[in-house]
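K.L.:
First residue of the sequence shown? That's 1 in this note's numbering, and the numbers climb one at a time after it.
Just so you know, the hints here were simulated from the structure itself, not pulled from any lab data.
Treat each hint with caution, since some may be false.
Stated by the list, open to error - Here are the simulated DSSO-like cross-link-like pairs (lysine-lysine), alpha carbons at most 30 Å apart as the crow flies:
(1) 186 x 90
(2) 55 x 132
(3) 55 x 3
(4) 184 x 98
(5) 66 x 186
(6) 145 x 110
(7) 110 x 66
(8) 98 x 176
(9) 145 x 186
(10) 110 x 230
(11) 242 x 55
(12) 184 x 140
(13) 218 x 66
(14) 145 x 90
(15) 132 x 98
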Amino acid sequence: MGKVLGLDIGISSVGWGIIEQDSGEIVDAGVRLFEEATRNANEERRSFRGSRRLKRRRVHRSERAKQLFEEHHLPLSGIGDAEPYEARYKAIYETVTKEELVAGLYHLVKRRGTTLDIPEEEKESGSELSTKEQLARNRKLLVDKYICEVQLERLANRHEKMRNHENRFRTEDYVKEARAILLKQKQVYEEITDDFIEQFIELLETRRQYYDGPGSEKSPTPYGPYSIDKNGQLVYTSMIDKMRGTCTYFPDEY
1 MGKVLGLDIG
11 ISSVGWGIIE
21 QDSGEIVDAG
31 VRLFEEATRN
41 ANEERRSFRG
51 SRRLKRRRVH
61 RSERAKQLFE
71 EHHLPLSGIG
81 DAEPYEARYK
91 AIYETVTKEE
101 LVAGLYHLVK
111 RRGTTLDIPE
121 EEKESGSELS
131 TKEQLARNRK
141 LLVDKYICEV
151 QLERLANRHE
161 KMRNHENRFR
171 TEDYVKEARA
181 ILLKQKQVYE
191 EITDDFIEQF
201 IELLETRRQY
211 YDGPGSEKSP
221 TPYGPYSIDK
231 NGQLVYTSMI
241 DKMRGTCTYF
251 PDEY
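Start from the sequences and build out the full structure, keeping to the hints where you can.
P.N.:
If you want it as structure tokens, here you go:
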């Protein structure tokens, strides 16, 4: 009596079944799972692409900050010269030079935190806390302090660099510190206007939404909302419209 083998082959699994050829009775069946051949490569490419975008946007944000400083006649000479953590701390409580002020504000733009929500309870994941868990711990430290104060204490106590998993704070906490700095220095410098404060805070906290897609009006791409049509003209199409297709049976309908 013959048997029939059936296979259902997918990209990460193979389902199989054996039946009796004459009666159709199931002899055995099962499935084998395996890792998708291109999965690791795709994840690696996504990771690199995400890192490139993050770096590109940070550079662009830094350039916009410098432009904002220049438009309001604030010197850029303090950037990279003044100690940023000290400059930020001093600017909250006392008058600082314009160079120190710009150095502190520029540092905030480069390290503006995350917008992740914070869980109510803390749970450790191995030897290192996750981002949300570290945010929750740092939130407790910021009840009566600013970020720069916490960072200065850590630097003084352990002489560690700030670029580690403990240096995770929310964007709104950076905004809180920036407002304190700007309101204090506004009392001294006429360059710190309400318009400057509004523009700086917007630069600090505004993020590109995922549904905006890649590219921009100045940098069109066929994968984003701004692209160049066959006539060489710049056109805008929302990402939702780009994902819509025509009906198979009614080509004139979406």
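K.L.:
So, for every hint listed, does it hold in this structure?
P.N.:
Here's how the hints hold up against the structure:
For the given pair, residue 186 sits about 14 Å from residue 90 by alpha-carbon distance, which is consistent with the 30 Å threshold. A distance of roughly 22 Å separates the Cα atoms of residue 55 and residue 132; the hinted pair therefore holds under the 30 Å criterion. At roughly 59 Å between alpha-carbon atoms, residue 55 and residue 3 are farther apart than 30 Å, so this suggested pair is violated. Our distance criterion of 30 Å between C-alpha atoms is met by residue 184 and residue 98, whose separation comes to about 13 Å.
For the hint linking residue 66 to residue 186, the alpha-carbon distance of about 19 Å falls within 30 Å, and the restraint holds. Taking the CA atoms of residue 145 and residue 110, the gap is near 20 Å; set against the 30 Å cutoff, the hint holds. This hinted pair checks out: residue 110 and residue 66 have alpha carbons roughly 12 Å apart, not beyond 30 Å. Restraint check: the Cα-Cα separation between residue 98 and residue 176 comes to about 20 Å, which is no more than 30 Å; the hinted pair holds.
For the given pair, residue 145 sits about 21 Å from residue 186 by alpha-carbon distance, which is consistent with the 30 Å threshold. Pair hint residue 110 plus residue 230 does not hold up; C-alpha atoms about 39 Å apart against a cutoff of 30 Å. In summary, the hint linking residue 242 to residue 55 is supported, as the alpha carbons are separated by about 27 Å, within the 30 Å threshold. Note on residue 184 and residue 140: the hinted pairing holds, with a Cα-Cα distance of about 25 Å set against a maximum of 30 Å.
A hinted pair counts as satisfied when its Cα atoms are at most 30 Å apart, and residue 218 with residue 66 qualifies at roughly 19 Å. The suggested pairing of residue 145 with residue 90 holds, with an alpha-carbon distance near 13 Å, which does not exceed 30 Å. Note on residue 132 and residue 98: the hinted pairing is violated, with a Cα-Cα distance of about 35 Å set against a maximum of 30 Å.
Checked against the numbered hints above, the structure breaks hints 3, 10, 15 and satisfies the rest.
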